[in-house]
Every structure is written in structure tokens, then in C-alpha cells.
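S.K.: Start from the sequences and build out the full structure, keeping to the hints where you can.
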Amino acid sequence: MGVTKEVISAGDGKHFPKQGDNLTMHYVGTLASNGTKFDASHDRGRPFQFTIGIGKVIRGWDEGVMQMSLGEKSKLNISSDYGYGARGAGGVIPPNADLVFEVELLKIN
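Using my numbering, you'd call the opening residue of the sequence shown number 1 and step up by one each time.
Do not take every clue at face value.
[Said to hold, decoys possible] Restraint-style ranges between C-beta atoms, simulated for each label pair:
1) Lys37 to Gly85: 18 to 24 Å
2) Arg87 to His15: 30 to 36 Å
3) Thr36 to Gly2: 18 to 24 Å
4) Gly20 to His42: 22 to 28 Å
5) Lys37 to Arg87: 16 to 22 Å
6) Gly13 to Gly85: 31 to 37 Å
7) Gly35 to Gly91: 16 to 22 Å
8) Phe38 to Ile8: 28 to 34 Å
No lab work stands behind these hints: they were computed from the structure. Just so you know, these numbers come straight off a predicted model, no measurement behind them. Even glycine gets a Cβ: it sits at the ideal position worked out from N, Cα and C.
M.R.: In C-alpha cells:
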């Protein structure tokens, strides 16, 4: 269980996020079981900004995104224990759901 990363398009291979960095990303989140989209930054018309490595996002993001380099676009396959677990989220992610996120690392601040 955990997170696996599949590179869609490579980043610069030089600049990687470290704990405490503020990141700017685009993403699309889907349920692994049936491909249903539950969230996407593009739908809000702006990228998602957050601090990495301090528990502000699900564990699958904290661990998977830190393996990405600037400009990289990847698919993160996240097991439920690295996602929202038994509680699910927001009425759109069922309990114990495995997740797939297509993520693009736009900026490291």
C-alpha cells in the first residue's frame, strides 16, 4: 500500500520540492475503481497552492509529489490508507477508496 508514481512528462530533473516548500500545482482526482472525477484544479480556474511535507494534504501527495521535479506531470496511484482512509471525504470519496491523481508541478516557492 502507499503511493506509486507514473511519469507522464518529465520535469527539469534538477529542482525537487522539500518539506516546507510552498507548491503550485494543477491536478485531476479520480476514483481508481471507476474513473469518476471528484475534483480538479482546472474546474476552479486556478492552480492549487499548498505547503508540502507537513500534513496539509493527504499522505499520498506529501510522499508522491516530493519525488517530482519542477515542470513534471505524473499520475499518482494512491491506496486508501495514503488517501482519506475509512472516513472518505466530502460525500464524493467513499470510505476506503483508492485514488488516482494526475498532477503537474508548476512552481516551487
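S.K.: Hints the structure violates: just list their numbers, smallest first.
M.R.: 8
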